[in-house]
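Visitor: First to last, the protein sequences are chains H, G and L. The opening position of the first sequence corresponds to residue 0 in numbering that gives the first Met the number 0, with each subsequent residue numbered one higher. The opening position of the second sequence corresponds to residue 0 in numbering that gives the first Met the number 0, with each subsequent residue numbered one higher. The opening position of the third sequence corresponds to residue 0 in numbering that gives the first Met the number 0, with each subsequent residue numbered one higher.
Heads up, some of the hints might be wrong.
[Unchecked claim] Under the rule of at most 27 Å between Cα atoms (straight-line distance), these lysine-lysine pairs were calculated in the DSSO-like manner:
1. 76/H x 207/L
2. 5/L x 56/H
3. 76/H x 56/H
4. 144/H x 324/L
5. 5/L x 144/H
6. 158/G x 19/H
Hints were generated in silico from the structure; no laboratory data involved.
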Amino acid sequence: MSEEVLLKVVDLSKSFGGVKAVDKVSFELRRGEVLGIIGPNGSGKTTLVNMITGFVKPTSGKVYYRGKDITGWPPHKVANLGIARTFQTPRPFLRLSAYKNLVVPLYSPRARRIAAAGGFGDRETVAMDLMEDVGYERDSSVPYKPAAALPHGYLKRLELARCLALRPEIIITDELLSGLTVAEASTIAPLVEKLNMEGITFIMVEHRLRELFRLAHRVIVLEQGKKIAEGPPEKILEDERVKKAYMGAEVI
Amino acid sequence: MMDVLIYGLINGVILALIASGFSLCYSVSRLANFAHGALYILAGLTAWTILQPLHLSYPLAFLGSLVLTALIGLAVYEFMVIRIRGMEASEIILTFALSLVIIELLRYLGFVGPRFTLPAIATGKLDVLGVPVDYHRIAIIAVGAALTASLWLFTHHTKAGLALRAIAQDDQVAMMLGIDSDLTAALGLSLGSALAALAALTVLPLGAITVESGYGALILAIAVAIIGGLGSVTGSFLAAMVLGYAIVLASKLIGPQYQMVVSLAAIVIILIIRPSGLLGKQKELEERV
Amino acid sequence: MEARRKERIDRPVKAQTDGIYALASMRNVMYLLAPRLFPALALIVVPALLPTLYLKRIICIACVYALLTLGFDFLLSTVGLVCLGGALFFGCGMYAAGALNYYYGLPPVVTIPLGTLLGALISTALLIPCLRLRGIYFAMVSLAYPLMIHRIIEATLILGGTDGLLGLDGLPNVWVELYLVIGVTLIALFGLRRLYHTDFGMVLRAIKDNDQAVRASGINITLYKAIATFIAALLGSFAGAYVAHLYMWAGPSGWALDYSIFPIAAAVVGGMGTLSGAVVGSFILAPLSEMLRAFASLRIVFYSSALIVFIMLWREGLMNWLERKYHQIERWVKV
Chain H
0 MSEEVLLKVV DLSKSFGGVK AVDKVSFELR RGEVLGIIGP NGSGKTTLVN
50 MITGFVKPTS GKVYYRGKDI TGWPPHKVAN LGIARTFQTP RPFLRLSAYK
100 NLVVPLYSPR ARRIAAAGGF GDRETVAMDL MEDVGYERDS SVPYKPAAAL
150 PHGYLKRLEL ARCLALRPEI IITDELLSGL TVAEASTIAP LVEKLNMEGI
200 TFIMVEHRLR ELFRLAHRVI VLEQGKKIAE GPPEKILEDE RVKKAYMGAE
250 VI
Chain G
0 MMDVLIYGLI NGVILALIAS GFSLCYSVSR LANFAHGALY ILAGLTAWTI
50 LQPLHLSYPL AFLGSLVLTA LIGLAVYEFM VIRIRGMEAS EIILTFALSL
100 VIIELLRYLG FVGPRFTLPA IATGKLDVLG VPVDYHRIAI IAVGAALTAS
150 LWLFTHHTKA GLALRAIAQD DQVAMMLGID SDLTAALGLS LGSALAALAA
200 LTVLPLGAIT VESGYGALIL AIAVAIIGGL GSVTGSFLAA MVLGYAIVLA
250 SKLIGPQYQM VVSLAAIVII LIIRPSGLLG KQKELEERV
Chain L
0 MEARRKERID RPVKAQTDGI YALASMRNVM YLLAPRLFPA LALIVVPALL
50 PTLYLKRIIC IACVYALLTL GFDFLLSTVG LVCLGGALFF GCGMYAAGAL
100 NYYYGLPPVV TIPLGTLLGA LISTALLIPC LRLRGIYFAM VSLAYPLMIH
150 RIIEATLILG GTDGLLGLDG LPNVWVELYL VIGVTLIALF GLRRLYHTDF
200 GMVLRAIKDN DQAVRASGIN ITLYKAIATF IAALLGSFAG AYVAHLYMWA
250 GPSGWALDYS IFPIAAAVVG GMGTLSGAVV GSFILAPLSE MLRAFASLRI
300 VFYSSALIVF IMLWREGLMN WLERKYHQIE RWVKV
């Protein structure tokens with residue numbers, strides 16, 4: 000894990016009408032780390048992710064990627080920088096078969112640039128490779144099934160594959176591990192670890208603390224839109240404010 | 000100069016009245032009612048029928064038209080829209096087709112034309128700050144003001160009104176609060192129709208009930224909705240005023256035949272520089288995540 | 000009393016013809032080819048056999064409407080945009096070709112392609128600003144523009160005003176009239192079909208399916224929507240440019256709601272999502288509407304009512320139903 004700062008978020012805020020969903024949140028993301036973002040429901044985690052990835056325009060504050068100001072950039076431009084994201088509810092292209100889902104992002108300018116530089120060959124093959132990368136067996140019938148027919152755990156992996164199609168530097172996952180059985184979660188978590196080892200930096204917004212704390216190098220805690228704690232997982236577990244936020248009372 | 004101020008105000012109020020039904024319907028129920036223009040004409044014709052062939056009193060025509068049009072709006076929702084509710088493409092196509100059926104059928108049957116007129120609320124002229132204004136146009140302003148005031152009071156100070164505002168802001172929250180979305184949509188469409196009727200009764204007396212007034216009402220409602228921001232009723236009032244003044248100004252400076260050019264230009268300009276509209280709540284596509 | 004349910008399975012011949020086995024036997028080849036080949040052949044051969052000019056003209060008009068309908072169906076089934084303004088494309092093409100011929104004296108062989116291109120560029124440019132917004136804006140704007148332009152032309156008396164541009168050059172003979180438009184219609188139909196199956200078509204359909212996911216995949220959906228709109232605009236503008244020289248006139252009626260509602264009705268009746276449905280629907284509704292020619296505005300009432308009935312009661316439409324019957328057997332099975 001290096002000291003190079005990939006992403007810098009400064010005083011990012013979002014108000015909807017009178018409600019402050021995110022209130023002056025700042026943090027840095029260093030290359031190679033897994034940064035966890037946790038917090039009780041409604042603490043603004045998804046809005047924060049939406050602002051970073053361009054789906055929501057911030058009311059104030061800035062987002063820098065490698066020093067460049069990308070605040071308010073539209074989602075496709077952010078994705079083309081190499082910042083990919085998953086959605087809380089997996090959003091595949093239902094009418095396309097699973098592996099065809101992955102061909103779509105291969106048409107992005109970023110993927111095209113990589114292809115032009117000899118990065119990969121024919122798109123169908125690449126899509127199949129990506130399916131393999133996230134754990135599908137190449138020769139099974141799964142890749143050919145329409146995405147609508149796949150079970151939840153598979154869809155989560157498809158989401159990750161979609162991110163990988165962009166050869167991203169950063170993957171931001173939004174509740175990747177939610178809605179999965181312990182068995183399913185225990186296959187996806189190592190996948191994240193493997194990808195991280197291969198050089199991808201992660202931001203993981205999570206509810207599932209146990210798995211997250213094993214993966215994350217650092218954790219940020221949000222409550223009601225504000226950052227209330229930041230540090231390595233062990234420290235977060237001890238933090239009084241965090242306990243209060245989750246439990247609503249001091250736990251002695 | 001003074002005449003531009005006064006006529007601009009009148010024109011603005013007229014546009015606001017015409018657009019109010021369309022805006023309200025959308026903001027309450029997320030339903031773009033393309034049949035707005037058709038309902039506008041139907042309301043006018045209902046009033047005419049009550050007045051002319053049936054020779055009944057004006058207040059009866061007024062109320063009758065309001066109620067009947069609201070009921071027609073309700074019927075349209077309950078019998079037609081409800082079957083395809085949620086499929087936006089079908090909703091759009093259905094209300095558009097419906098509006099054509101109604102307006103063109105009325106045209107074919109000869110129910111629209113110069114001989115169909117509605118009486119003014121009052122006749123006579125008044126001098127306002129040196130500008131001649133007839134009583135009816137003053138009445139229009141009064142109706143507009145009354146409508147704005149009552150809508151404001153309703154949405155800010157009554158429980159039902161606040162509920163409607165909540166729904167307008169976030170229909171998912173509204174669903175969680177147990178507010179029946181079909182009920183609110185039906186309500187939205189009938190209120191919208193009633194407002195279309197109110198606009199018809201107020202504005203149609205200025206000319207005659209023609210097919211053009213039906214399509215014209217639809218075009219203006221759309222223009223005002225886009226300029227003001229879809230879903231914002233205050234936005235449409237503001238847009239109506241701005242557009243109203245712009246049209247009157249252009250009429251004076253370049254010529255009255257350029258009215259529609261102004262509206263078209265206004266739409267294009269807003270879409271380019273501020274797509275979500277003057278007071279648009281939702282920024283473009285983005286806030287749907 | 001045993002419970003039964005309806006089961007749909009692919010016909011044996013359909014299963015056989017997936018993939019390379021399509022060429023295995025003449026029967027398989029015909030199964031695939033017949034529904035495409037025979038109607039196309041019919042469209043090419045039958046018009047030549049029609050006895051009167053009037054009947055030939057009906058075919059021309061049906062093809063004109065078919066082009067508009069193809070554009071509508073294409074926009075709806077790929078990027079999911081509801082275009083209520085076929086008249087915008089048509090009018091722009093008609094006036095572009097008409098103006099080039101009227102003011103600059105260019106012959107139809109130049110004005111038709113040029114008019115098509117210009118008309119498509121102008122109408123797409125007008126629609127581009129609202130492509131960033133929710134789909135409802137596209138519907139509203141596409142509806143309003145032709146109505147507004149119509150009124151502007153009549154009020155400001157530009158481009159010939161209410162009378163329009165009269166005395167345009169016509170087409171050399173009835174065979175050109177017929178086969179120009181039939182040719183373009185067939186090219187459009189098979190071209191769009193091919194487009195659907197390319198990766199570009201796939202991305203377009205993904206946009207309709209889930210545009211947020213497409214954006215997250217790094218693709219600029221506004222650009223793709225603009226291209227799709229331009230394609231539909233080309234079809235509609237050609238229709239307008241062609242009609243300008245068919246009737247030798249470019250007038251305000253080119254912005255009429257006819258050209259906006261007919262495509263929708265034909266698409267719904269013929270079957271949305273199947274491009275052939277667009278053509279079939281047009282060929283059903285156009286002659287019917289010709290018969291109602293005497294009743295001017297009743298025609299619009301007719302299309303719109305047909306539209307309403309179909310969309311509420313039989314949304315799949317004719318070709319979807321036919322395709323289903325052709326490819327699949329339905330039978331009752333025990334549960």
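Visitor: If a hint holds in the structure, say so; if it does not, say that too.
Guide: Cross-check of the supplied hints:
{"no.": "1", "hint": "76/H x 207/L", "in the structure": "20 Å, holds"}
{"no.": "2", "hint": "5/L x 56/H", "in the structure": "50 Å, violated"}
{"no.": "3", "hint": "76/H x 56/H", "in the structure": "14 Å, holds"}
{"no.": "4", "hint": "144/H x 324/L", "in the structure": "24 Å, holds"}
{"no.": "5", "hint": "5/L x 144/H", "in the structure": "23 Å, holds"}
{"no.": "6", "hint": "158/G x 19/H", "in the structure": "25 Å, holds"}
Hint check: a violation occurs at hint 2 only; the rest are consistent with the structure.
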